[in-house]
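Undergrad: If you read the protein sequences in the order shown, they are chains D and G.
Following UniProt numbering, the residues of the first sequence are numbered contiguously, the last one being 372.
Following UniProt numbering, the residues of the second sequence are numbered contiguously, the last one being 372.
Simulated from the structure, these hints should not be mistaken for laboratory data.
Each hint should be verified, as a subset may be incorrect.
[Said to hold, decoys possible] Stretch-level coverage of chain G by chain D, calculated; a stretch enters the list once three of its residues show a Cβ under 8 Å from a Cβ in chain D: (1) 10-22; (2) 42-56; (3) 90-101; (4) 139-145; (5) 153-167; (6) 192-206; (7) 345-358.
[As the list claims (entries may be wrong)] Here are the simulated SDA-like cross-link-like pairs (lysine to any residue), alpha carbons at most 20 Å apart as the crow flies: (8) G:K179 with D:T312; (9) D:K131 with D:G178; (10) D:K179 with G:R310.
Ideal placement from N, C-alpha and C gives every residue a C-beta, glycine not left out.
2 protein chains.
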Amino acid sequence: MSAIGLEEMETPRLVIDMERMARNIDAMAELARARGVKLRPHAKTHKLPSVAHAQLEAGAAGITVAKVSEAEVMAAHGIPDIFIAYPLVTESKLARALRLAERIDLTVGADSLAGARLADASAARHGWPLKVRLEIDTGLSRTGVPYAQAEELAAEIARLPHLRLTGIYTFRGALLDGKPTRDLAAAGAQEGTLMARLAERLRAQGIPVADVSVGSTPTAAHAAAVPGVTEIRPGTYVYQDRMQAGFGVCGMADCAGSVLVTVVSLPAPDLAIVDGGSKTFATDVQPGTAPLHLQGFGQVVGYEDAWLARMTEEHGMVQLGPVAQAAGLRVGDRLRIVPNHICSTVNLHNQVWMQRGDRYEAHPILARGLLE
Amino acid sequence: MSAIGLEEMETPRLVIDMERMARNIDAMAELARARGVKLRPHAKTHKLPSVAHAQLEAGAAGITVAKVSEAEVMAAHGIPDIFIAYPLVTESKLARALRLAERIDLTVGADSLAGARLADASAARHGWPLKVRLEIDTGLSRTGVPYAQAEELAAEIARLPHLRLTGIYTFRGALLDGKPTRDLAAAGAQEGTLMARLAERLRAQGIPVADVSVGSTPTAAHAAAVPGVTEIRPGTYVYQDRMQAGFGVCGMADCAGSVLVTVVSLPAPDLAIVDGGSKTFATDVQPGTAPLHLQGFGQVVGYEDAWLARMTEEHGMVQLGPVAQAAGLRVGDRLRIVPNHICSTVNLHNQVWMQRGDRYEAHPILARGLLE
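Input sequences plus hints: build the corresponding full structure.
TA: Following this line, the structure appears as structure tokens:
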């Protein structure tokens, strides 16, 4: 692939500033080293084997994915240690995971006895043990065994002969006592403490728990500081985004991801229409949602009072405040917009344009759209 | 491609019921014939040349797309008549459009004098006239010249020597007097009337306006009934969806698109977690948004009180009412969920599985992710 200059760039295109990305990768690796925990980044954010390799080179112990199909692509591109942080509950997915486990160090999630028994039966048929971690619900109410039932389920899974229960994991993001919060120190401490205490109780029952895995970009630093936590799994940090800047985890100048767009219409002094809408920018982190109450779906770089206020599928309605209006935008001008949520924005694009200085190079997002 | 049975299907997968799709295609073609207007479906919904061909075979006069890159793919697969309903305002996109216009019947959008002059200059350099339609803002406040300024701009564009101004077009969806509405008859009548009157005024000035193009799936039937309207451009109708059923445009039994998912966890009696979240189901039509106030992001087929209530990226939280709870779901069971908005949901998937009876066949969504 050959790099091109800005003047050759079409729009809309997703751009990643490689210097910022490298700084983000190093900063989280250093944080994990300083806290004495393993770093296992979630690849959901970038979905790119090349970025996963950069994370491993900086010190990550392995990577995390959500789907078997993502693990297959990452393994095919040389990633040797993968945790599928998702309960696998069907024979076909377990068979695919077991085939992968022949070639790489693979661990999968489990959160129910039904799923664990099926995994055990699959591993028995396959003639190969399967490493599993038990997922714990620490307040997000999605997957994960309810916290109060975790000891009983762990004991049952530990008895299944073809599974190796290696640890416990949770995800809950910026949550405190079940509610969205900006108090990341308290959220991370609670998350880490819940998990470390559970691990101790399991060990007291004779269940070996090597891995106590927590964390998300907002809570990683605080959860990792809790004694007994052994691993963090942040994803977003690699690119950072407006949501993380809102949490104070990073500054806007740390956001490596933005979308280059063109102003296609200026129907009113306070309104610019750009050529990217809800098929270009994610809509899962809505304006106004607690705890951040972000204004709009994205921030225009260099115009402090310009936001991506509304979208239809291919149109972005940028609201221009007085400062932005004074800049005198014209039809055909280009803007860069930092999205609220980079992970789901990356997922909309077929390729990412890696920027180094004033050169841009396209990289197909190999694991994009791999849902299975 | 060979078809497979349901038992071989992985999840999550986007499924289109081909019988329902065929009925939807025929119904809209019949509506256009009955009203005496041309049908130019927006391909944004399916992004598939094969479906576009089916629409043409049923009587559509051509297709609509939003992006040059979509037009290129559709043209490469034999679609002979395409309207890019989007203002092209950069030399590179205009050059691509002009190259396409050598091979197919192509029309592009314009909504500013700056854009039209650039298009005129590009066409002059290319030595080939470019057909344009003027986009009119009839209340949605996105692209489109403000209604009151349309006559002046149309006159200026009509004087540009290398452009051929062939008509006017608008899009506003279910809007009445600038506000979201469920009164589709009034919305469509207003939309059609605004456009037909403008066309008359332009013709009175000596500007030839052949095409008066309106419409969206919710308003098509009503806008098409207004004398002077010549064309409708609905998109969603091909698959229909929960939003359209909410408008009363179709029934849930007309929705051709659904996502097949697996229950991966049952942490509480009223909560099932499925293996599709905001990377599988679109989030642009949020629960509770006016005018429909839909409950959740999708409806579970066959369980009247089960909705996709919350999502994270790869997890769907299905809220189970008493009827659904009584069904006794188990981990590993499969559900079908009809999304609120099929267009943006299709856009998340790399392939669609076309279902005929109990056989499923994968079709890559060729124009997916083509944003340029």
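Undergrad: Is D:K179 close enough to G:R310, meaning Cα to Cα at most 20 Å?
TA: holds (15 Å)
Undergrad: Given as covered by chain D, does the stretch 192-206 of chain G meet the bar of three residues or more with CB within less than 8 Å?
TA: Violated, because only 0 residues of the stretch 192-206 of chain G bring their Cβ atoms closer than 8 Å to Cβ atoms of chain D.
Undergrad: Sort out whether D:T312 lies within 20 Å of G:K179, counting only the CA atoms.
TA: holds (15 Å)
Undergrad: Is the listed coverage of the stretch 139-145 of chain G by chain D valid when you require three or more residues with a beta carbon under 8 Å from a beta carbon of that chain?
TA: holds (count 6)
Undergrad: Do three or more residues of the stretch 90-101 of chain G come closer than 8 Å to chain D, measuring C-beta to C-beta?
TA: holds (count 3)
Undergrad: Taking 8 Å as the C-beta cutoff, is the stated coverage of the stretch 10-22 of chain G by chain D satisfied by three or more residues?
TA: holds (count 4)
Undergrad: Counting residues of the stretch 345-358 of chain G that have a beta-carbon nearer than 8 Å to any beta-carbon of chain D, does the count reach 3?
TA: The restraint on the stretch 345-358 of chain G holds, since 4 of its residues have a Cβ under 8 Å from chain D and three suffice.
Undergrad: Run the distance test for D:K131 versus D:G178: straight-line Cα separation, threshold 20 Å.
TA: violated (30 Å)
Undergrad: For the stretch 42-56 of chain G, count the residues whose Cβ lies under 8 Å from any Cβ of chain D; is that count three or more?
TA: violated (count 1)
Undergrad: Are 3 or more residues of the stretch 153-167 of chain G near chain D, judged by a Cβ distance of less than 8 Å?
TA: violated (count 0)
When the structure is compared with the earlier hints, violations turn up for hints 2, 5, 6, 9 and for no others.
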